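Undergrad: Residue numbers (full-length UniProt numbering), protein chains in the order written: chain A, 1 to 470; chain B, 1 to 305; chain C, 1 to 335.
The set of hints was computed from the structure by calculation and includes no laboratory data. As the structure is a computational prediction, the values presented were derived from the model and not from experiment. Please note: incorrect hints may appear among the correct ones.
Examples of chain B residues lying across from chain A (beta carbon under 8 angstroms, computed) [unchecked claim]:
(1) His65
(2) His76
(3) Tyr182
We put the CB at the ideal spot given by N, CA and C, even for glycine.
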Amino acid sequence: MGTVHARSLDPLPMHGPDLGLHPDDAELVEAEPETKQEVLENKDVIVQRVHIDGLGRTKEDLLGYEIADVFMAKNLIDVMKKSHEAREKLLRLGIFRKVEVVIDTAEGEDALPNGLDVTFEVTELRRLTGSYNTMVGNNEGSMVLGVKLPNIFGRAEKLTFQFSYGTKETSYGLSFFKPQLGHFDRNICVNLYKVTGQFPWSSLRETDRGIATEFNFPIWKTNHTLKWEGVWRELGCLARTASFAVREESGHSLKSSLSHAMVIDTRNSAILPRRGALFRINQELAGYTGGDASFLKEDFEIQLNRRLFWDSVLSASLWGGMILPVGDKPASIADRSYINKVNVINGESDIYLEQFAVTGDYLGGEAYWAGGLHLYTPLPFRPGRGGFGDLFRTHFFLNAGNLCNLNYGEGPRAHLQKLAEYIRWSYGAGIVLRLGNIARLELNYCIPMGVQIGDRICDGVQFGAGIRFL
Amino acid sequence: MSLAAEAFVSQIAAAEPWPENAALFQPLKDDQVLLSDCASSLAVQAYLRMCNLPVQVCCRANAEHMSPSGKVPFIHVGNQVVSELGPIVQFTKAKVVGCVSGQGLSNGPLSCKRHLQHCAEGSAVFLQGHSLSDGLDDVQRAEMKAYMELVNNMLLTAELYIQWCDEATAAQITRPRYSSPYPWPLNHILAYQKQWEVRRKMSAIGWAGKSLEQVYEDVSQCCQALSQRLGTQQYFFNKQPTELDALVFGHLFTILTTQLTSDELSDKIKSYSNLLSFCRRIEHNYFQEHERPGLDPLSIRPSLM
Amino acid sequence: MLLGKHVINTMAAPLELYCWKGGWGLPSVNIESLTVLAYAKFAGAPLKIHKIANPWRSPTGSLPALKTHGEGSLSQPNKIIIHLRKQKYNADYDLSAKEGADSLAFISLLEEKLLPALIYTLWVDPKNYVDVTRRWYGENVPFPLNFFLPSRMQGQQLERLRLVRGNSRLEPGEELEKELYRDALECMNLLSQRLASQKFFFGDSPSSLDAYVFGHLALLLKVKLPNGKLQQHLKSIDNLSQFCSDILTLYFPNDGRETPGSKISTQPHSNDFDNEPNKRRNQVLSVLVALGAMLSYALLTGILSIQQVHPQGALGSSKGHGAGTHDEDEEEEVE
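Isolated chain A, as found in the complex (with noise of 0.2 angstroms):
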């Protein structure tokens, strides 16, 4: 069987807006109007008020923004449309738990007879919530404790706090997330943490410290995150044997890092998508603000989903990367094995992106290229169809890559070649299970090909979890 390696060094899964509701499930709710007597289908009405019940500590301030639309609907078909778009504005502030609409005639002595009130009913989380979970991977057992605040000050600010505790290793993280009124999707995010981790295959441990800061705006179609990072990354043997490159390596070092990623998303969801595109760019630029290491970075991710006949979707993805570290020191292996530390199961993470010292230790690469071609269908015979079968897809998948290191004097050219000689490849066949919306799970039988001398190879069945995938 092959090893799960679920996690990997990224902060806990804890910043950003959470979504309480995927646009894939959102089709589910509509306000349905009471039926009047009178047909007001093809009417022009006018909406007179909007309530907005069940109100605690939220300020009307912030639910001004998102339900000024419906105002401006001019029949009854519209009043739905746009009351159900600021539903679920008001549910995407993952400060209700509930939220239903009334559409009304107009009650009251100013009361036209063609007026509406549009009532919001909501229901507020509440002030605390409290979560916990034990977690199984990589060798380790640990519980998560987890406390969230939202709506702290009543403008959708959140404060969440994440405990791990580990039979190796605790973590924590304590993100702040503020968003801009009215515009939810321009918001700023703190985050405070801690996260170690180990890596049996670089014999290496790594403790990280860090602050994060993040500014996250959308611009016409693309969506646009600015970063500044400090991280005290401390690097340790997990083991006498180590090899020496990896022992060299250790010890204390900061990372100051300034970065920017662009996203345009047009996927219906993150996780076995049906449909759509995404291409991510990332650029990473360490050193200039502070900390002893500096380097520029470079990724991009490319993914395109297309619906095929019988429910079948055919996905094809391309990563890749680059560091060039910046002065004379060369790039510490925190950063070069960031880059493969992505997380792809389909077989190959272990092979394709392994470069090994001389005693087998990983040492990761500084470049980097990944493609995976897969072909997504509804389970044979389709059991539990319209219910928990939906939520399993067997896959047919051809992933390849390859890494090389920069450092060797000859130019671009050399590069590309080195990065297209040798490629590690490999086929296979799964069963894939989807958890949510963050994650899945897959059982994959893989033959690898292409294996390079020093790779680790995990070829027949596999299992492993996460949240990246190529």
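Here the structure of chain A is known, so what remains is to put chains B and C in place on it, guided by the hints.
TA: Positioned in the frame of chain A, the structure of chains B and C alone reads:
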């Protein structure tokens, strides 16, 4: 039983000739290394020179974290990493200098392997390990080990105490030096973290309640014991130096040549004239006479700190 | 309160020594206490000895402790020994300067090489700790200290081991055990070689080094440990084990029979349970405490609630209270 078996296995693993690229790792010499680390490093260097095993001294800012035991110095020989004097002595004992056989001395790994085979077949070949203490009898060896622990237990601990627990020394010398390779604010974090750790160690072994005077008193007591043991001999055990001599030299020489906030520590040693001449003797015999290119005699005696 | 006593007492009054009480056929179960006791015997110091099992009753809060006249209380064995020496109770009087230096060196050897392994075998090795060490302290330390003192002492010892080894990630395990035992075995061999066939380390009369060696080794020799690698090695070294038992019979003739060795592990638990006079009381007390804790927990968390019933219908003003106190916002939701 299992210990013996293990020792045998490690002996086999170590029974390769001393490679030419053997390296000793220690913190940065000019800006970073502290009195105690410098003393330990010098002791190992002196020991290896006494054994006539060449080693290249490499200074790394992260030497402490590279070391498998978290302590400096450590040596990297072949694919093995060994830290601290005690284990290094064990390690060199098992190393083969050359195989002396009927055909004469041969040094190459291949021929050596062949000789090992000869050895297994029972031919007249003997392997010479590096050991300075082979000539001692049981009681002497016990005393040697005991005095080595005396140095570790009192001198080394006193050095650590003065470095980290005497606030004047810690603020003026130790913390700035220890943290010199790191950028702000990591330098302060790491220095205080280390200081906190050493202070906890001191309280665990009952040194936290001691005053600086008491520590100097302990150093004095230790030096008196060493001076007493040395007497008028050339080395601690007559004419042949042992690992004890290397260890004592490492510590005393470093204390003598290091500028601290006060001279009290080195003054304690200076009052024992036989210890002083002992240090001069080793410096003269092992760090000046046997000069080879690439090993700068001054490399071990800057005014550290 | 003690000061007054000091003033009245003349110098002739004996110094008071507080140390851990005995067990396993030894005058004390603690290495430092044993060392000090042995030294006092060797030097012929007339001490008033309090053998207790409650460190809180010691003047320094730890054991052993020597209450001196005018210099406060001392708790470290070497300080106690130095103090006794100053009081003219000197067991090292006959030693030459070189022998004095050797004593210092061998004491360092004990502390650096043997002590960590002893700490490991008594306090860290899980089987030994649970079956022997924790059991002894649990049974002998008075209630309610016995509930937390053993585990606190274990924590301190493990912490000490970590700091001395300079490795904060130190985990009890085979690798550590192997390293520590290797040092300890070597140390015992060296001591044996140094002792050779002599009666004591420096001739026929005992010195402070003998006290230290006895303190460190006697415990290991007498305790019955389930995991006894270290112990077996010591027992196989004839001159050292002979050395310890000689000192025991010569200087502590009474302690051997005071607590028969059979008490330790051969008898089933219920037997020594009955032997302990305080055990029954402790049991009742602990049940009471547990009940109290459970009740107060129940009350605090609202599983149980005490309703105040007003004897004469107090105008219904208290009626709304019962229902209205349930504050939704403050409640924790568990996802």
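Undergrad: For the hint on B:His76, does the least C-beta distance to chain A fall short of 8 angstroms?
TA: Since the shortest Cβ distance to chain A is 6 angstroms, the answer is holds.
Undergrad: B:Tyr182 was flagged as interface toward chain A. Is the shortest Cβ-Cβ separation under 8 angstroms?
TA: holds (6 angstroms)
Undergrad: Hint check: is the beta carbon of B:His65 less than 8 angstroms from a beta carbon of chain A?
TA: Nearest chain A Cβ about 4 angstroms off; hint holds.
Going down the numbered hints, you'll see the structure goes against none, and every one checks out.
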